[in-house]
Amino acid sequence: MSEPIVKLTAAQMGDMVRNKEVSSRELVDAHLDVIEAAEPSVQAFLKVAAKEAREQADAYDALRDEEKAELPALAGVPIAIKDMIVTKGIETTAASRILEGWVPPYDATVIERLKAAHMPLLGKTNLDEFAQGSSTEHSAYHNTNNPWDLERVPGGSGGGSAAAVAAFEAPLALGTDTGGSIRQPGALTGTVGVKPTYGGVSRYGAIAMASSLDQIGPVSRTVLDSALLQEIIGGNDRRDSTSIPEPPRPMVAAAREGMKRDLKGLKVGLIKQLQGEGFQPGVQARFDEAVKLLEAMGAEVVEVSCPHLEYALGAYYIIMPSEVSSNLARYDGMRYGLRVMPPVDVPQTAANMMSYTREAGFGDEVKRRIILGTYALSAGYYDAWYGSAQKVRTLIIEDFNNAFKQADVLVSPTSPTTAFKFGEKTEDPMAMYLNDVATIPANLAGVPAMSIPAGLSDDGLPVGFQFIAPQQRDEVMYKPAAALEAALEEAWNGPIWQSLKTPWLDGMNK
Amino acid sequence: MPTFTREEIMHLGNLARIALTEGEIDRMRGELNVIADSINMVQEVATEDVQPTANPVPLEAYLRPDVAAKPLTQEQALSGAPVKEHGMFVAPQILGEE
Amino acid sequence: MAEKLMKYAEATKQYDVVFGLETHVELCTNTKLFCPAHIEFGGEPNTQLTPVSLGLPGSLPVLNETAVDHAIKLGLALHCQINEWSQFARKNYFYPDMPRDYQISQYDKPTNGEGYLDVELEDGTVFRVPIERAHIEDDAGKNTHVGGADGRIEGANHSLVDYNRAGVPLIEIVTKPIEGAGERAPEIAGAYMRAIRDIVRALGISEARMEQGNMRADVNVSLRKSPDDEYGTRSETKNVNSFRGIEKTIQYEIRRQAARLDAGKEVLQETRHWDEASQTTAGGRVKSDADDYRYFPDPDLVMLHITDEHIERIKAQMPEMPRERRNRLKGEWGFNDVEMRDVINADALDLIEQTVAAGATASGAKKWWLGEISREANKAGKSLEELTVTPADVAEVEQLIADGKLNDKLAKQTMVAVLAGEGTPAQVVEAHGFKVVSDDGALEAAVQAAMDADPDVVAKLKAGNMKPMGAIIGAVMRATKGQADAKAVTKIVMDKIKG
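Chains as they are written, first to last, in UniProt numbering: chain A, 1 to 510; chain B, 1 to 98; chain C, 1 to 499.
Treat the hints as calculated values from the structure; they're not laboratory data.
Be aware that one or more of the hints could be misleading.
Said to hold, decoys possible - Example chain C residues on the side facing chain A (calculated, C-beta under 7 Å, incomplete):
1) 55
2) 60
3) 102
4) 177
5) 302
Stated by the list, open to error - Anything over 12 Å on all C-beta distances counts as not near chain B; from chain C, calculated:
6) 230
7) 456
8) 462
Since the model is a prediction, treat every value here as computed from it, not as a measurement.
All residues carry an ideal CB built from backbone N, CA and C; glycine is no exception.
Turn these sequences into a full structure, and let the hints guide you.
Structure (structure tokens):
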């Protein structure tokens, strides 16, 4: 029985398109078919841009061979976009009521680059409102269900992108990662998710949540696919002052090197503070087994200590809401999005219009963070809160610098637990925040990190394995990640998704 | 140790221009106090001698050449406006110095 | 409700005046401070915007190189400490004309730190104004209030917002509290503001036209009993946009605050507004929690690094500064101290220089700008620059005189017509048919008639007493309706006497 084409990797799809075994249009149509079949149960998308995707595919197919030869390996391969990234002419809402109906007049830099690479955009995926949450339950529109168990969350904030890729609705997606929003959903859905070095991918057109932490990155089913995608979207952009003025790192080469499964000479650092207590036993077990595999491939494993990581969550929950409170000020009912006038007994002033618009347009989690951030920045508290958090940031950067003196790459479980049930943590913000305890440090330190599937926990749900590399050395994590992926697939006799039940694919051939 | 009072949350709501409801203020009060407790730890290690970090990757500002690029058209600029008039965005009554 | 005022002389005798100025200068750059939208005065609303200056979600600021160069130039001119590292911060507050609902400004790490400016007063005294900082920030859009009386905010029921000005670069020059000015505080403030205007124009970094709003100042005034006391509570009068307004604001605030203090009342820490119509300041908003701007470093921007090489490069481009220039022009024009001071006090230096450049003599240019034109400006309550007459017009009139095509009287009439907006001097001369009669035949007859009518004068002239010549010229002028050329008349008379 031949597998449907949508189960191929993005790299394989790119090869087939290039070899004219399949057209870009056929790839797009195949994915649109899956979307139609899967969406009633998965609900990964906020908006499917079928017409635009087909037009882009047709435009690629109409190119001359010489023109196609100039394009990257993923040319013609479709991709889904987290609705936190601005797309010209396609409604962009950040999953918030306050932006409902907003059609941007411009493209994010990463979207321009995808278009230049002739990668059709399938649509916009669901997320927690303004990327604030770890379960996608804070979307103002609807939940997204984890393809591994539809009763459970796909993680967040990028649950839509991760679920779409896991469910074969898209071979690739873009996410944004502020405290783990790419990696944690990757872990919970058995997909690969990468947060590049801060400044490695342009943020121009990524709706800002917390500017000093946000980073756009790839979501895929394989390590190589993420490497191919990151090389397309990465590299300097003069429209982003925080963009690093360097070309993308050689990540594809590193991934291909890793697939040879030879890690001799590589030092892997186990972060002492990010394992054991607080981590689900099944998660810890898969993590430990994967570390053994790394060792088996010749890597030397050492334990490293990052003593200030225990302060990371605290620092994050000061810096992030502070920046959120300022970044989300612009949603005031004046220029775009929702406007709500005050009730009749309240003066109909501009100030009151803003207050009622923001009250109606933002959800609970967003409001909570805005209030917390407003407090942290207010006169008299700045030094104790924001100022202190920035210092903790320095200490965490120093911790990582020291760790990278002892190891080339650091590892930990991505998320303390596997996917949880809807509503399980929504009433307890602190419990929800703890989901990100292992992912937040990389955002604070600006270092690159990625999550790859490490197998299934005893509950049958995917577990994520996190690699962390030094700043601006993203390729350093791609090599062992690709090696581990290859070793695990050998052990499993195939990719992790062979264990995923996909009733929505039944009846689809080739 | 900060604790959030009702008045404080109302004041923060004013600063942040969010017309919080009574119920929201009550609920938020409990939640914020729990969060505040957990983040108070940061002050333990944030000593005088530690420099603050604003951007995780230290860069110097790139200076953009003073060359004009194509602007948005008026139609594009106003395309999302909740209310517009004469090519401009409409604000409800603005009081003196809000 | 008019506030009680104390007599100015009494107020400045009883109280020590401390004042400060926060001057906003709009920089003339091609594009905005943080995005490549072209800046143009006027233009259709909301057409000078990119996603950045409209504050669209996802947009990011990138600093304009020219704005930084301009800031360094000003820093050098004001003898400021130019900081190697400076930083932009967000000043958070909601206002409909602010696209992001925060202003990007500089807070604890401005580009230009402490400096000073020596300003020359009317009597030649030099007063040193200490500068606290000169930082870079972006401007907001513009609200037009609709539904109330004459576009004022009071009584309006809604406002229209044009964001074209949003993102235009500004420099805010903040003085330290200025002490020791005493009763000369208004004069020093005026001289300081004019000096700033002259400097930014000389540097070519701003048009600095107060009437167009591209230079405006917040004026802080406080009083205390003695220079040894702590500073008193200050009032802040916002956005004063004329030199005279600034001088009068200080004068008024001194008198108002003195009266309050004298009556045992306290001065409120508040923002006020200068009202040109009533020549008073009006109370605004008392400082409160709403002023909690929650400054923090803008995470979308990184540190601005200004190297020594950068500063040296800018130094090499620095033009002559106004005080040096004044001394040079004084020499070139051959003016004495008093004449030069008159020129400066009349704000006519640039205009005279431009008039001389257009071909006039310095004394000729000065005569017009400080004479007829100044009188007209005073009458109209305008600055010289706001009048319709240009340096080229003045030079043209002077040329017409030199060419003998106008005499003094006709020239004055021509200038009056130009000031009345009737057109260029050539157009005025054409329209009015102004023409000096120098045709000998016609003049000859008029001169002969005048001499015949006054034999006494003729006798005196013949005896070598030239004083009564004016009587003949006057008579000829009357006869020719002012169009006679006085030189030609004199020549004919002399010829006749000798003949």
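Results of checking the hints against the structure:
1. 55: 5 Å, holds
2. 60: Given a least distance of 5 Å, the restraint on residue 60 of chain C holds.
3. 102: 6 Å, holds
4. 177: 22 Å, violated
5. 302: Nearest chain A Cβ about 6 Å off; hint holds.
6. 230: 28 Å, holds
7. 456: 75 Å, holds
8. 462: Non-interface label on residue 462 of chain C holds, nearest chain B Cβ at 75 Å vs cutoff 12 Å.
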